[in-house]
Amino acid sequence: MISSSFDAIIPMLCVALAGLVVLLAEAFRGRDEKMPIGGLAIIGLVGAGAASILLWNRNATSFGVVTADNFSLFVNLVLIGVGILTVMFSSQTIERDGIPAGEYYAVMLFGIVGMMLMGQATDLLVIFLALETMSLAVYVLTGIRREQQQSTEAAFKYFLLGAFASSFFLYGVAFLYGVTGSTSLDRIGTVIAAQSMSGNPMILLGVGLLIVGFAFKVAAVPFHMWSPDAYEGAPAVVTGFMSTGVKAAAVAAFVRVFLSSLEPMITDWAPVLWLIAAATMVLGTVVGVAQTSLKRMLAYSSIAHGGYLLAGLVAGNDVGKAAILFYLAAYALTNLGAFGVIALLGTRERANDDLRDYAGLFKSHPALAVLMTFFLLSLGGFPPTAGFIAKWYVFSAAIGSGYYGLAIIGVLSSVVSVFFYLRIVVMMFMTDRDARPVPAPITTVAYAGLVLSLAGVLYLGVLPTAVIDFAQASISTIF
Amino acid sequence: MLALIPLLPFAGFLVNATMGRRLPKTVTGGLASAVMVVSFLIAVTQVWALAAMPPESRQVNQVLFTWITAGDFSLDLAFRLDALSAVMILVITGIGSLIHIYSTAYMSHETDADFGRFFSYLNLFCFFMLMLVLGSNVLVMFVGWEGVGLCSYLLIGFYYEKQAAADAAKKAFVVNRIGDFAFILGALLLVVTFNSLDFTTIALAAKAMPVEVTFGTLSLITLLLFVGATGKSAQIPLYVWLPDAMEGPTPVSALIHAATMVTAGVYMIGRNAVLFEHAPITLGIVAVVGAATALMAGTIGLVQNDIKRVLAYSTVSQLGYMFLAMGMGAFGAGIFHLMTHAFFKACLFLGSGAVIHALHGEQDIRKMGGLKKHIPVTYWTFVIASVAIAGVPGLAGFFSKDEILFETFLHGHQILWGVGVLTSLLTATYMFRLVHLTFHGDERFGAVADGHDAHGHAPQHLSTPAPEHLSTPAPQHSHGVHLHDAPAPMAFALIVLAIGSILAGYVGVPHALGGHNNLGAWLEPAFQATNCGQPVATGELAGIALEDCLPGEEAGVEDHAALELSLMAVSSLVAFAGIGLASFLWLKRKDIPAQMATQFAGVHKLLLNKYYVDEVYDATIVQPIKVVSQEGLWRGFDVKIVDGAVNGAGYFVSGVSIVLRLLQNGSVKTYAASIFAGAVVILAFYLWR
Amino acid sequence: MAIGHYLVLSGVLFSIGAAGVFLRRNLITLLLSVEIMLNAVNLAFVAFGRQFGTVDGQIITFFVMTVAAAEAAVGLALVIGLFRHRESLNPEAFTSLKW
Amino acid sequence: MLFYAFAGAAVIGSLLVVTQKNPVYSVLALIASFFGLSGLYVLLEAPFVAVVQIIIYAGAIMVLFLFVVMLLNVPREDAAEWDRAHPLYRPMAVRIGGALALLLALELAWALSRTAGLGGGVADQHPAVSSVAELGRVLFTDYMFAFEVTSILILIAMVGAVILAKKKEE
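Chains as they are written, first to last, in numbering that gives the first Met the number 0: chain C, 0 to 478; chain R, 0 to 688; chain S, 0 to 98; chain P, 0 to 169.
Hints listed in this document are in silico derivations from the structure and should not be mistaken for laboratory results.
Any given hint might turn out to be false.
[Stated by the list, open to error] Computed far set for chain P versus chain R, every beta-carbon distance over 10 Å:
no.: 1; residue: Ala110
no.: 2; residue: Gly116
no.: 3; residue: Gly118
[What the hints assert, rightly or not] Only some residues are given here: those of chain C computed to face chain R with a beta carbon under 8 Å:
no.: 4; residue: Glu262
no.: 5; residue: Met264
no.: 6; residue: Val271
no.: 7; residue: Trp273
no.: 8; residue: Val285
no.: 9; residue: Pro382
no.: 10; residue: Met429
no.: 11; residue: Pro463
no.: 12; residue: Val466
no.: 13; residue: Ala472
[Claimed, not checked] Listed below are the simulated DSSO-like cross-link pairs for lysine-lysine, each with C-alpha atoms no more than 30 Å apart in a straight line:
no.: 14; chain 1: S; residue 1: Lys97; chain 2: P; residue 2: Lys20
no.: 15; chain 1: P; residue 1: Lys166; chain 2: P; residue 2: Lys20
no.: 16; chain 1: C; residue 1: Lys362; chain 2: R; residue 2: Lys24
Quick reminder that beta carbons are idealized off the backbone N, C-alpha and C, glycines included.
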């Protein structure tokens, strides 16, 4: 065991190292000295990306609990993308909001380590530790504007409910351990496959509790209630980060656990997830309609998107698995872009995230308005954007597995969801109002981040084949 | 080369969208028109090349790249030019060019920025519309389908300062989304059934399936697609948005809401002709819905007083005709009418635009009259188009409408035929009512200021001040003030379209009149399931392909010559009767309409209020939900402004939404309770199952 | 003692902890309740581990304790932050984010 | 019957935690409960866990809690002044929470009662492994990676706690 190679953890090591360097750099920084700390973070992330690409197809494992199969590498790349874009947007906002740069980036990088580990871990205990690593980092980031009551309140709600849900998750791990004698996914899988377990109440308890834990992190109904509050209270960049990164990591682990070791019990968990997915899509969409805060509106939209992801998981077929990965990438780019725009329009005193703050944005910031429109159209699933292809895949996967109801609910809710995305577009293009406090001029780096997201959104929408092939290759190696 | 046809307008859009606000109007308008004209020329050369091919293999494919793959399912982003899409691209680029040219003059009062915005939307629309018709599979078509919806929305709401325009835009969007919902489901079901979305593949596969006598998968698919079509093409029950869409600038009404976008549903059925033919139940529904829409919209059109609304209801009615044809399986006739209708309806809309332009925004025909001598070009083109739509022999509308009625009769649907003839009478009547009230008789446009409030029953939309040209205050005209006729670009478009309204019918002169129904023959292969256009690579396919490629028999056509001639005589008589009736009522005995309005006050009111459909929707869906959502107003939630985007069905959702969001009460304990309850329920499910 | 006894005890403790989240009007007690839940899980792990005769259960317990400690640190920091804003520890005092 | 004594201590301690109004008492009750648990660990032949439970959990973590309670100096619960903001929901949350907890306990008990093979003594099948040496060996071989991960976890917690609780600058 000890002799096993370190290969599989190199991407994580890169990011963790970058986190440490960032912390040290901050410690040795002079009081008013300017330091390109974000650059350090990006170097680490790019290194991790390169490592992930080099590990492609090598199926490395380390310590018996970490794997670098193509599935996790795909998720890694998504997470690295999330990280890089977040850093690019943060470059503007942390200075504006007076957030301590070193700590902020360090915690974020450590959070990414946790997220990557979520996808790479093949042991329930390690998944739990990764989950906690990721969560703690995100709690801290949520509450990082401690002078704002909303920020702290959001962090505390998120924290308390997160801890609450984690204990359910952990209890589930305990039951699975109690039945199979191991926390290793392989071992659990073999034990479950060897003997029919679906009559065993203890393993059902375990599966049910694991669903609670994962569904909480994915913000699925009825475990979603933390997310609108946390998303609204957190700084917009952090919201973008956690609405994409946390969801991607949680879905990755969810998929790995449920479609590999718990796959034999699919008839047990699929109906539950079916209901959760349907409720999530509907509720996220419907409640989103009544929101006036953009962050909150997009929070509900994120909930709905979690539902679409779960629909892919329920479908459970090859198309569905690839669809989940593709959806993660498409959703991450789109949502980050949207939150990036929101973040850049805020000021230190005010988040400027009310719908009315967007009136006449096309007149004052035409470029931002156009970018935002693309992101919103993609979130709404308009062709030819990434969101459309992603939804198309998920729904055709659901139909392919015979889940017609789920597909109809999904299509319906995505049709309805267009209303609230459209409201923002209407505000930006078809309303005149210039009373909004003028935000600071937007830096080139932040703009570059937005353009990068847009390029990704359009690339995935117009030429999705390459990424889809990639996703299919990733998924086929493990399941 | 094929891809250039849509890409040119797209390039125009990019330029105008990014730099339009900084460029002078001549550049933006000129560029936008130029790309359309070039696109038209390319389309002509392409169609020319297509025509040079043998009829059975008229198909040009251009695969740009593979768009989507999933398992063994793969989909190309590909364009396909065949007989059907050839007709469509000629109509779109041709009439599109004319309308662009017309708009350079019509929109010249706008500011540079708005002018650029208008043309960028218009170009974008043409791009999506061309995608829609050129797409070789359902998904590419859907891209265009959604895109034109979006552009239509942007263009209807072009004068967004005006509440009515903003509301109309939202209404159009919401109604269209309902249709789109059905369309996507239909598309997904197609994937499941055929594992393909390529039109040719589907058609070939469907051909091998038995015709569904009872309601089956094909019927469901086609029905879902048809629901999508009713949204886009304004048929019962989703037609309500089209009359309101007249809030957009008039060239938009001509291009989008008469000539092109609204016909997308008809085109889509034609594209999937084989599929629909194997689902006779759906075809029956299509026919009945089409006929019912034609009749209903025709009756409403009879009493409307807004010049554009009359035309809007006329459009709905004519679209009903097209669907009637499609429902009869007479796809060629439907597309034929689509084409001729594009000419004369575009001409009518542009003519009405010229009238409105001349009168500085007046749209109420009761305040017009006697315009004949003031704006002769507009008058004559308008009359020609009206004659064409009325179905007077020799002009475009006659041939196409007659083919539809003939096919309907031939298929033994005498009732539907009767409905069609009745609608035809109505069409002639309301069109000439429009002509007479607008161009003949007394000049009533001087008395605008005094008479305005006297009309107690004026429709609501008229109570808002002159909708267009907000930038120019509408001066009150009096007698003797010179009304300027359409400026050169507008006149050019009108004249070309008027000529088209006369001549367009001659591509489909029926056999009974010694013609060869060239268009019908041209289109015929497009409605068959052949893959003759594809290079035949595999041996076993070759046999089938060759068999399919044999020219179709035209048996039995001549046998019905006598019947067709007599039916033609009937409809010609009907057309003349309608025109005569209108002339009698609104020129000679102007007291009779007023008397009838009082004598049949109930009917008149019913028609004037469009059968109260809007009111019924309002009372049954909107109002109850409004009440619910206003409960949420105590938190200072401004429904009118903020929630305005959600109309109609949207109110329902927002009502539910407001109730549901109350659960999110901010207390961490409630949230924990939700998690806890979820956990307990899941465990209970597992244990008590 | 039968393993079942330990598991039932663990279940009871877990339920008490979960109930505690709802019963008290004090942020700190809420955190303590979560600690009870984690300890209940620990008990289950150790009991299972004993049954299998391996050290896995015990070792997992250490990790859970570490996590608990880390959570406590962050949680208490947040409580202090909240207290600074409102001079209150009542969870209902912090409901500015809602709907 | 030591089991019942320790179990009783743990349960009563926990109940006290969630019923006491004064957070100081709650913390102390929890420590008492931990002693009960610690005793159970001894019964399960896991003496090292028992010791750690006392030293780390009760000794360090709980002291941290106590420290914060003292720092904030809020000896009792707030009066219900904030609760009135939600006349409808708060008592409901309490009741629902209590009912749900009861349901959960019943569910767990019921599930366990239906699971076969839980009746046997916990020590029947395998000999206990309670040597600290063995514990350490496994911890630093099989669980080495998990162990390393906790270092990041703790680092985040440290940095996070500092950022979140630090007083405002300026």
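Status of each hint after checking the structure:
no. : hint                : result
1   : Ala110              : 6 Å, violated
2   : Gly116              : 18 Å, holds
3   : Gly118              : 19 Å, holds
4   : Glu262              : 17 Å, violated
5   : Met264              : 10 Å, violated
6   : Val271              : 6 Å, holds
7   : Trp273              : 12 Å, violated
8   : Val285              : 5 Å, holds
9   : Pro382              : 4 Å, holds
10  : Met429              : 4 Å, holds
11  : Pro463              : 6 Å, holds
12  : Val466              : 11 Å, violated
13  : Ala472              : 12 Å, violated
14  : Lys97/S to Lys20/P  : 27 Å, holds
15  : Lys166/P to Lys20/P : 28 Å, holds
16  : Lys362/C to Lys24/R : 19 Å, holds
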